[in-house]
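A.B. asks: Let the hints inform the model, and build the full structure from the sequences given.
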Amino acid sequence: CELLAGVLGRRNEGFMQMTISSGSYQNDRAHMERLSQISGRPLLWNVVQAYDHKPEVHRSALRWLDDCRDRGVRVYGQGLTTDAGFTFTFEDWNLWDDRPAWRAATVGTVVERLEKLADPDRREALKAQVPLTVTGPIRDIVITGPRTEETEKYLDHTVGQVAEALGKHAVDAMLDIAVADKLKTEFFAAPPNVSKVHLKEIVDNPWVLFGVSDGGAHTKFLTAGRYPTETLTEIVRAEGMLSLEDAHWRLSALPAMVAGFTDRGQLKVGAPADIVVYDYENLAITPSEIVHDLPGGEWRRIQRAEGYRYILVNGQVTIEDDKEINTYSGRLLRHGGGMKMAMAAE
Numbered sequence: 002c003e004l005l006a007g008v009l010g011r012r013n014e015g016f017m018q019m020t021i022s023s024g025s026y027q028n029d030r031a032h033m034e035r036l037s038q039i040s041g042r043p044l045l046w047n048v049v050q051a052y053d054h055k056p057e058v059h060r061s062a063l064r065w066l067d068d069c070r071d072r073g074v075r076v077y078g079q080g081l082t083t084d085a086g087f088t089f090t091f092e093d094w095n096l097w098d099d100r101p102a103w104r105a106a107t108v109g110t111v112v113e114r115l116e117k118l119a120d121p122d123r124r125e126a127l128k129a130q131v132p133l134t135v136t137g138p139i140r141d142i143v144i145t146g147p148r149t150e151e152t153e154k155y156l157d158h159t160v161g162q163v164a165e166a167l168g169k170h171a172v173d174a175m176l177d178i179a180v181a182d183k184l185k186t187e188f189f190a191a192p193p194n195v196s197k198v199h200l201k202e203i204v205d206n207p208w209v210l211f212g213v214s215d216g217g218a219h220t221k222f223l224t225a226g227r228y229p230t231e232t233l234t235e236i237v238r239a240e241g242m243l244s245l246e247d248a249h250w251r252l253s254a255l256p257a258m259v260a261g262f263t264d265r266g267q268l269k270v271g272a273p274a275d276i277v278v279y280d281y282e283n284l285a286i287t288p289s290e291i292v293h294d295l296p297g298g299e300w301r302r303i304q305r306a307e308g309y310r311y312i313l314v315n316g317q318v319t320i321e322d323d324k325e326i327n328t329y330s331g332r333l334l335r336h337g338g339g340m341k342m343a344m345a346a347e
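What the sequence shown shows, in this note's numbering, is residues 2 to 347, in sequence order.
Everything labelled a hint here was simulated from the structure, so no lab data went into it.
For every residue, glycine included, the Cβ atom is placed at its ideal position computed from N, Cα and C.
It is possible that some hints are incorrect.
What follows is a list of derived Cβ distance ranges for each label pair [unchecked claim]:
#1 I303 / D98: 18 to 26 Å
#2 L5 / D205: 30 to 38 Å
#3 E165 / S289: 22 to 30 Å
#4 Q267 / E165: 49 to 57 Å
#5 A274 / E165: 53 to 61 Å
#6 D157 / A254: 36 to 44 Å
#7 R64 / V278: 34 to 42 Å
#8 S25 / R72: 18 to 26 Å
C.D. replies: Next comes the structure, spelled out in structure tokens:
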């Protein structure tokens, strides 16, 4: 990493983005500071995330970002500002891999997973290693898609409600339902960051970029790519945590600046005309849906947005009234900029 940082420093171009978890916050932060100092370029750290049961985690991270800024160290944070949550079945679920017992039980084919999750000899270890990093408490997970007559009575119940009714541990209640449905039961787990107070603390820090969509990762569980619209509808319109001007800066200009995109992120004379025109009062996020548009006919979960009148890329309309119009005017950006376009913002 230090060699790569040195290359960025010699070129005075680019940036680094890093997720690191060695078990020592102090060591991780010192390493990232060192990389930023070697390169002299921005370093974007994933992830600034609030945990409602451990608010000191994000507060410590925010203090560190402020301290870096005071010392001239160019470290920024990537903030988790969406409450998209996770919709999953145990046919695919693997985001509790931070706990060894769960990692071992949720790898392999569906048949192998079913056998392991049904194994009573594994249950004690699974109960002892309850995951709390990605989701909220297991008791709060909602059963949204039971698949058999045996389990359909639990529709829209929380795992905790079922556990209490049956006199079981929450892990047993959840896995017994999943096993009865051959792992096809659909569950919904809220993220561990539902507090608006904690969200505002992250939003208020000017060195935090919004997002953490996870790009193309976890496509069978998560639709966090909705965060730009969610910023406008929830953080600005519903909660009043930011002005529209500040939201536009955080969603567009700040990420472009951190990434070193010299001619993107702002509307200014001579810049490519990348413009979004939206109906503020009618912006909305549609319910989650499944589409089969991946190679081999594979599926993913998506959410769409409403209220976008036009989206222009390099001066050409690519979306009109929320619909793609099959215009592909994007260009590959190299060395912080793109090819000179004939149409620019005026």
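A.B. asks: With reference to the structure, classify each hint as holding or not holding.
C.D. replies: Results of checking the hints against the structure:
| no. | hint | in the structure |
| --- | --- | --- |
| 1 | I303 / D98: 18 to 26 Å | holds, 24 Å |
| 2 | L5 / D205: 30 to 38 Å | holds, 32 Å |
| 3 | E165 / S289: 22 to 30 Å | holds, 28 Å |
| 4 | Q267 / E165: 49 to 57 Å | holds, 54 Å |
| 5 | A274 / E165: 53 to 61 Å | holds, 58 Å |
| 6 | D157 / A254: 36 to 44 Å | holds, 42 Å |
| 7 | R64 / V278: 34 to 42 Å | holds, 39 Å |
| 8 | S25 / R72: 18 to 26 Å | holds, 20 Å |
Hint check: no violations occur; every hint is consistent with the structure.
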